[in-house]
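Q: Listed below, chain by chain, are the residues.
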Amino acid sequence: MSNIRRSSRRQILRMTAALGGGLVAQRQKLLAWDTPGKLGAPLGPYGERSPFEKAVRWHRDSKTPETGSCFTPLQASVGTITPSSLHYERHHAGIPTIDPSQHRLVIHGMVDRPLSLTMAEIQRLPSITRTLVLECGGNSAGEWAAKTGPDVQRSYGLVSCSEWTGVPLATLLAEVGVKAGASWVIAEGADACRMERSIPLSKAMDNTLLAYGQNGEMIRPSQGYPLRLINPGWEGNTNVKWLHSLKLTNQAYMARDETSKYSDLMPDGKARIFTYRMEAKSVITFPSGGQTLPGVGLYELTGLAWSGSGKIERVEITTDGGRTWTAAQLQEPRLPIALTRFRMPWRFDGREAVIASRAIDETGYIQPSREDLIAARGMNSIYHFNGTKFWRVQADGTVTNVDA
Amino acid sequence: MWTRSALAPAIVFAAAATLTAQSPRFGVGRPPTPDEVRGLGAAIAPDGGGLPEGSGTVAEGRTVFAARCASCHGPNGEGGGVGAALVGGTGTLATARPLKTVGSFWPHATTVWDYVNRAMPFDQPGLLKPEEVYAVVAYILNLNGIIAEDAVMNASTLPRVNMPNRDGFVPDSRPDVGPTKAKKPGR
Numbered sequence: 030m031s032n033i034r035r036s037s038r039r040q041i042l043r044m045t046a047a048l049g050g051g052l053v054a055q056r057q058k059l060l061a062w063d064t065p066g067k068l069g070a071p072l073g074p075y076g077e078r079s080p081f082e083k084a085v086r087w088h089r090d091s092k093t094p095e096t097g098s099c100f101t102p103l104q105a106s107v108g109t110i111t112p113s114s115l116h117y118e119r120h121h122a123g124i125p126t127i128d129p130s131q132h133r134l135v136i137h138g139m140v141d142r143p144l145s146l147t148m149a150e151i152q153r154l155p156s157i158t159r160t161l162v163l164e165c166g167g168n169s170a171g172e173w174a175a176k177t178g179p180d181v182q183r184s185y186g187l188v189s190c191s192e193w194t195g196v197p198l199a200t201l202l203a204e205v206g207v208k209a210g211a212s213w214v215i216a217e218g219a220d221a222c223r224m225e226r227s228i229p230l231s232k233a234m235d236n237t238l239l240a241y242g243q244n245g246e247m248i249r250p251s252q253g254y255p256l257r258l259i260n261p262g263w264e265g266n267t268n269v270k271w272l273h274s275l276k277l278t279n280q281a282y283m284a285r286d287e288t289s290k291y292s293d294l295m296p297d298g299k300a301r302i303f304t305y306r307m308e309a310k311s312v313i314t315f316p317s318g319g320q321t322l323p324g325v326g327l328y329e330l331t332g333l334a335w336s337g338s339g340k341i342e343r344v345e346i347t348t349d350g351g352r353t354w355t356a357a358q359l360q361e362p363r364l365p366i367a368l369t370r371f372r373m374p375w376r377f378d379g380r381e382a383v384i385a386s387r388a389i390d391e392t393g394y395i396q397p398s399r400e401d402l403i404a405a406r407g408m409n410s411i412y413h414f415n416g417t418k419f420w421r422v423q424a425d426g427t428v429t430n431v432d433a
Numbered sequence: 002m003w004t005r006s007a008l009a010p011a012i013v014f015a016a017a018a019t020l021t022a023q024s025p026r027f028g029v030g031r032p033p034t035p036d037e038v039r040g041l042g043a044a045i046a047p048d049g050g051g052l053p054e055g056s057g058t059v060a061e062g063r064t065v066f067a068a069r070c071a072s073c074h075g076p077n078g079e080g081g082g083v084g085a086a087l088v089g090g091t092g093t094l095a096t097a098r099p100l101k102t103v104g105s106f107w108p109h110a111t112t113v114w115d116y117v118n119r120a121m122p123f124d125q126p127g128l129l130k131p132e133e134v135y136a137v138v139a140y141i142l143n144l145n146g147i148i149a150e151d152a153v154m155n156a157s158t159l160p161r162v163n164m165p166n167r168d169g170f171v172p173d174s175r176p177d178v179g180p181t182k183a184k185k186p187g188r
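From first to last, the protein sequence lines are chains U and W.
Residue numbers for the first sequence follow my numbering, so the first one is 30 and each next one is one higher.
Residue numbers for the second sequence follow my numbering, so the first one is 2 and each next one is one higher.
Calculated from the structure, these hints are not laboratory results.
Incorrect hints may have been included.
Listed below are the simulated DSSO-like cross-link pairs for lysine-lysine, each with C-alpha atoms no more than 30 Å apart in a straight line [to be verified]:
id, chain 1, residue 1, chain 2, residue 2
1, W, K130, U, K92
2, U, K92, U, K176
3, U, K232, U, K299
4, U, K290, W, K130
5, U, K176, U, K83
6, U, K299, U, K176
Pairwise CB distance ranges (calculated) [unchecked claim]:
id, chain 1, residue 1, chain 2, residue 2, range
7, U, R372, W, G146, 45 to 51 Å
8, U, P250, W, Q125, 20 to 26 Å
9, U, G210, W, L128, 33 to 39 Å
10, U, Q358, W, A97, 40 to 46 Å
11, W, V171, U, T96, 26 to 32 Å
12, U, D235, W, L128, 36 to 42 Å
13, W, L128, U, P250, 51 to 57 Å
14, W, A97, U, D432, 29 to 35 Å
15, U, I110, W, R161, 47 to 53 Å
16, W, P172, U, M234, 38 to 44 Å
17, W, K130, U, G351, 45 to 51 Å
Over the 12 Å line for every Cβ pair with chain W, so calculated as not near, a few chain U residues [as the list claims (entries may be wrong)]:
id, residue
18, G66
19, S91
20, T96
21, A105
22, P112
23, G178
24, N244
25, Y282
26, P296
27, P323
28, P362
29, R376
30, A404
31, G407
Glycine is no exception: its CB is placed at the ideal position from the N, C-alpha and C atoms.
Taking the hints into account, I'd like the entire structure generated from these sequences.
A: Next comes the structure, spelled out in structure tokens:
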């Protein structure tokens, strides 16, 4: 196989820019005639990626691998959709195996007509499809500390974007008839620990989705097969997987995962509770920590931006450590509460450059610096870190994190 | 999937049985059976709603804890290599090294019952009977000096336990950084 084929597309871009179009023709010839006369693999029932593609999720070694997080390899991402197989994961008691023909959703509590529904019945109801970002409330938790994450996967990788299909929860709430005085929905999953969260009824009536489809097929087991909640713009933990119970109540249930966890401790010792929304955030995915630019020349600097409050309005990039900021190109269409790809041509001249991005969403919210976040919240809130991430492109082309 | 024991809200079934079998507009679903609701986790409200009958003492809880909890959480709930610390941390929340435990952080004793019942022991969630859950919660609360050695936890006493950090939680006040901090985005 030719070296050119193994080169990154950026290297090709660089060489193309340097030498003109001649290499492109040579590359196509090599690709087409490497192995003349030999048949390829036969047809198959379910696709796999090329064996040359190696990007995988990362997780810490653990004595209890049924709980923990898998981080999406953002550094290898292209476009805006995360493959279902690389979607980030956060589990608390392992991934259950659920036969959809046996699965039921029970809606009960303060309702006129408690209902038990099969998956087939849920899939009969009018459905919608939305492309939505999902981000763990604890994504980038390590970035509060002065020693920041070494690469984009481990520091920002608990975020992914899928096309979700399902039934608006409001449709079924109308069917059960919510009693006067009900104000919360207690959602519970069918995993071993029966994970539960309290969701305000106002959110449930507004845009919560009972999702069974992801990226054109049924949701993967690790994403909640056969049914999960999707709460657009809200922290991942509220998007309860393997959903089997929705109980209408007149109070939040103060579950472990909304009191002990997923609450944000402030410097005065008080903890913010029900901090659902994921605020605007962005990160440069190329060049990013752990990558190496093969030489000086023109590159496409690119990354991802998102906001739980709506569309990304603007992304600005600095290549001089934050002194000046330039607007990046945004991939259209920009969808609300979805990953937005940004790009900017950038010439690496062999001198050290400190680069970062910051997102501005349609509400006018500007992604803050780490320092501004710490000034407002201290360093012990764990969740909802959305600060700007700086990378150092060194003179030799290697890229590292920048410790505070 | 429907193997977990939980308190069945009998009133709901009595009402449901008299209703139409299917939803009014789309004609889907039917009233849940008692077995189906028993298969769901027992969701416990801060006011004690959902707590089952039964009770447990600190002494009984010490035995349950030693058998089922100590291997991960340490013999005295101090935390181990796998399990979080369940005691200590009082006075640390506003310091550089906060220790968030049942005693120092959790606002409701009902949450401890709910979580132990649904999620513990980690490798066999749902193993403990309601009496054992009451007992082990009593023991954890006693380890933290929140209830007396002779206290008995049940559906009546547990919700009335005065947790030290009961008032330690405040609403979300974001956006709190930048030009839009005074402006709340729509949902």
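Q: So, for every hint listed, does it hold in this structure?
A: Going down the list of hints, with the structure as the test:
no.	hint	result
1	W/K130 to U/K92	holds, 26 Å
2	U/K92 to U/K176	holds, 25 Å
3	U/K232 to U/K299	holds, 25 Å
4	U/K290 to W/K130	holds, 25 Å
5	U/K176 to U/K83	holds, 28 Å
6	U/K299 to U/K176	holds, 25 Å
7	U/R372 to W/G146: 45 to 51 Å	violated, 58 Å
8	U/P250 to W/Q125: 20 to 26 Å	holds, 21 Å
9	U/G210 to W/L128: 33 to 39 Å	holds, 36 Å
10	U/Q358 to W/A97: 40 to 46 Å	holds, 42 Å
11	W/V171 to U/T96: 26 to 32 Å	holds, 28 Å
12	U/D235 to W/L128: 36 to 42 Å	holds, 38 Å
13	W/L128 to U/P250: 51 to 57 Å	violated, 24 Å
14	W/A97 to U/D432: 29 to 35 Å	violated, 18 Å
15	U/I110 to W/R161: 47 to 53 Å	holds, 51 Å
16	W/P172 to U/M234: 38 to 44 Å	violated, 20 Å
17	W/K130 to U/G351: 45 to 51 Å	violated, 59 Å
18	G66	holds, 54 Å
19	S91	violated, 9 Å
20	T96	violated, 8 Å
21	A105	holds, 31 Å
22	P112	holds, 29 Å
23	G178	holds, 20 Å
24	N244	holds, 25 Å
25	Y282	violated, 5 Å
26	P296	violated, 7 Å
27	P323	holds, 38 Å
28	P362	holds, 20 Å
29	R376	holds, 31 Å
30	A404	violated, 8 Å
31	G407	violated, 9 Å
Against the hints set out earlier in the document, violations occur for numbers 7, 13, 14, 16, 17, 19, 20, 25, 26, 30 and 31.
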